[in-house]
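Participant: These are the residues of each chain, in order.
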Amino acid sequence: MAQVRGSCESFCPDGEAKMRIREKLLHYFELNNGQKNKPGVLVKEFTRSAADVKMPLPKEMRTEAALTKTVEYLLKEQPYNVAYDFIFDRLRAVRREIVIQMYHASQKICLLEPIVMFLAYSRYRLCEEPIDKFDPKICNQHLQECLTGVLCCYEELEDMESSREPTIRELERRCFIESLYQLFNLGSPESFTRALTLPDYVRRDATRDATFKLCFGICLAFQQGNLYRVLMGVPQLPHILSAVAAAKLQAIRRSLLQIFTHAYNNKQLTVPVPYLLRLLLFDGPIGLQDQCRHYNISLTADRNAVQFNKTDFNHNAEVFTPQHERFVESKLKRIYIPEVLLLKKFN
Amino acid sequence: MFGTVNNYLSSVLHAAQDLDGESLGTYLSLRDVHVQNHNLYIAQPEKLVDRFLKPPLDEVVSAHLKVLYHLAQEPPGYMEAYTQQAAACGAVVRLLQQLKDENWCLPLMYRVCLDLRYLAQACEKHCQGFTPGHVLEKAADCIMACFRVCAADGRASEEDTKRLGMMNLVNQLFKIYFRINKLHLCKPLIRAIDNCVFKDSFPLPEQITYKYFVGRRAMFDSNYQAAVQYLSYAFSNCPDRFASNKRLILIYLVPVKMLLGYLPSKSLLQRYDLLLFLDLAMAMKVGNVKRFDEIVRDQELVLIRSGIYLLVEKLKFLVYRNLFKKVFVIRKSHQLDLGDFLSALHFVGLNDVSLDETHCIVANLIFDGKIKGYISHAHNKLVVSKQNPFPSVSL
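Residue numbers (full-length UniProt numbering), protein chains in the order written: chain B, 1 to 347; chain L, 1 to 395.
Hints are supplied without guarantee of correctness; some may be wrong.
Mimicking DSSO-like on lysine-lysine, the simulated pairs with C-alpha atoms at most 27 Å apart in a straight line are [unchecked claim]: (1) Lys54(L) / Lys125(L); (2) Lys76(B) / Lys38(B); (3) Lys267(B) / Lys316(L); (4) Lys187(L) / Lys257(L); (5) Lys182(L) / Lys137(B); (6) Lys285(L) / Lys257(L); (7) Lys267(B) / Lys386(L); (8) Lys310(B) / Lys386(L); (9) Lys47(L) / Lys213(B); (10) Lys213(B) / Lys386(L).
Please keep in mind that the hints were generated in silico from the structure rather than gathered at the bench.
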């Protein structure tokens with residue numbers, strides 16, 4: 001198949017812009033300062049490929065530079081916790097063009113990496129939103145898809161003998177994305193196998209990248225069943241990675257609480273709340289109390305200690321949905337999000 | 001062998017007329033001596049072959065001669081050879097479909113599929129321009145087409161049914177799926193064999209290979225009892241003269257058995273040059289967590305390559321158990337201070353462990369049923385059961 005190349009240099013091809021302005025199909029974020037019927041900056045919409053739709057013409061697709069600028073614009077200019085749907089859709093359009101234009105691995109990596117970051121960040125930021133505002137399942141699915149896409153590109157580049165050595169910058173980005181993949185798939189033997197077989201310069205070069213080593217340690221501890229080490233490792237992770245790991249926290253808390261119901265199973269004895277708060281990374285006693293109620297674990301009357309009983313534990317109770325964690329919030333507060341999403345800065 | 005092409009083709013014809021699948025398989029094998037015969041390296045053999053053979057066998061043979069031609073080039077055209085072999089495989093599928101109620105051609109199918117896999121592996125090794133595993137995956141698709149024909153042959157009698165070829169193909173597919181790390185694709189194949197009425201009458205060598213792979217898969221699914229069953233079958237039935245195969249089986253069988261509480265004997269490990277496991281077993285026996293970690297770190301590459309790294313890491317909690325049991329034996333008390341466990345961990349050289357972690361490790365062991373008892377947090381003590389506080393791991 002002949003390669004198609006886009007020729008449009010703006011965020012949105014003229015044809016689509018004219019049509020959508022005429023038909024009044026502008027998104028709120030495409031209006032000029034939100035004023036009705038005053039077009040601002042338009043970004044190409046996502047459309048599905050379908051049998052009755054003609055293959056897009058070059059002028060209906062953007063050039064690589066335009067795509068890069070589009071991604072930067074979307075992640076920089078928008079208040080994305082409100083504009084998630086908008087950005088999600090427009091980034092999806094970018095992904096579709098990457099596929100149609102059959103970009104090679106290194107081009108794909110540059111465009112996909114920020115998309116991965118955006119989805120990973122949104123997954124955490126919006127985890128407390130109601131389902132009609134944010135669907136975590138779809139977000140997970142797209143995140144996994146983009147992640148595996150990027151990972152395949154890394155491998156492809158490695159296998160090409162002609163390709164040059166990666167720069168330090170590229171390596172840093174790769175280590176970060178590989179770490180993200182590991183944490184996102186915490187507990188999966190397949191992804192852990194990948195971590196084991198990564199090339200030495202990702203895996204071993206701890207001087208350059210302590211982050212991957214930390215992630216690897218967390219995943220290994222999880223595989224061994226040492227949840228203590230997992231929980232102690234998570235708060236040490238940098239911003240977005242700790243946010244990705246936070247999505248797994250509730251399940252880990254449940255497992256550990258369940259283990260404790262067996263280990264501290266005694267009617268006379270109690271376990272002090274501060275100890276549990278520390279181990280389970282709770283922000284305060286309220287969180288622990290909620291979980292105890294949910295899994296049917298009793299607290300003493302003064303609420304300063306927990307009484308574990310293995311027969312009482314409610315196995316049928318579903319795992320708590322992910323929530324914002326204080327240690328993640330404080331990390332995210334200290335960074336300028338667009339800079340991190342565009343992988344310009346890691347710490 | 002054969003001298004001229006005409007000789008070769010008439011031999012193929014005779015084998016086909018005699019319904020002699022074995023010979024036919026040999027004539028189309030890439031491991032037979034005839035591949036060294038330069039007269040058979042023909043770029044466009046169709047016309048010649050058509051004079052002797054009927055479709056679809058003519059396509060199989062033409063493709064085979066083209067494979068020989070491409071492999072004889074300098075450098076060998078692996079990719080072209082693979083494409084031709086895939087065409088041969090496709091023609092074999094048609095041949096199988098044509099021969100209703102006959103299964104004499106199964107050896108031919110085995111041979112063509114085996115060579116297809118070898119060629120795909122050669123492509124993966126020598127060629128570029130595709131994602132790793134892609135050619136092998138394509139080869140698996142071709143073999144799968146053969147498998148479908150075999151599996152669907154339900155009406156023929158038990159001697160003549162092509163279903164007898166299923167296990168051979170399943171083993172081929174296993175080899176590919178394990179290589180490209182797509183273990184989930186094994187599941188429908190296992191189900192097909194399980195549902196087969198004569199699943200126990202497949203030839204023993206095929207059964208051994210099959211059990212070896214099913215055992216490994218069970219291991220990855222953390223289904224250790226089943227894994228031991230399959231792998232033990234494979235190990236005890238594999239004849240002693242295939243020492244390297246027996247060794248391969250042991251690489252998985254030994255750690256799974258260790259996980260279930262059985263330590264391997266030194267003589268066995270010595271015989272098969274697997275002393276790595278002896279070191280692990282020794283560290284495990286005395287509960288030396290630090291030594292265990294060191295061995296795993298030193299042997300990391302070996303363990304990763306054989307795909308048992310994760311499994312060995314799962315042994316770690318048994319090492320903790322053995323160490324803590326020693327504390328119990330020394331203290332001779334049913335109330336054990338958790339500080340003593342921490343001291344024991346420090347004693348073996350694990351210096352980065354805290355009291356909190358010790359609590360969690362003990363809690364884990366209780367949850368897993370490896371220690372019987374409960375922890376009193378207030379007194380920082382583990383109270384173990386009067387009866388059998390450290391139940392034997394092997395049951």
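Participant: Indicate, hint by hint, whether the structure satisfies it.
Facilitator: Tested hints:
1. Lys54(L) / Lys125(L): At roughly 36 Å apart (the allowed maximum being 27 Å), Lys125(L) and Lys54(L) break the hint.
2. Lys76(B) / Lys38(B): 22 Å, holds
3. Lys267(B) / Lys316(L): 31 Å, violated
4. Lys187(L) / Lys257(L): 23 Å, holds
5. Lys182(L) / Lys137(B): Roughly 24 Å between the alpha carbons, so the hint for Lys182(L) and Lys137(B) holds.
6. Lys285(L) / Lys257(L): Holds. Lys285(L) to Lys257(L) sits at ~14 Å (cutoff 27 Å).
7. Lys267(B) / Lys386(L): Since the Cα atoms of Lys267(B) and Lys386(L) sit roughly 18 Å apart, the hinted pair holds (cutoff 27 Å).
8. Lys310(B) / Lys386(L): 20 Å, holds
9. Lys47(L) / Lys213(B): Distance of about 62 Å is beyond 27 Å: violated.
10. Lys213(B) / Lys386(L): 43 Å, violated
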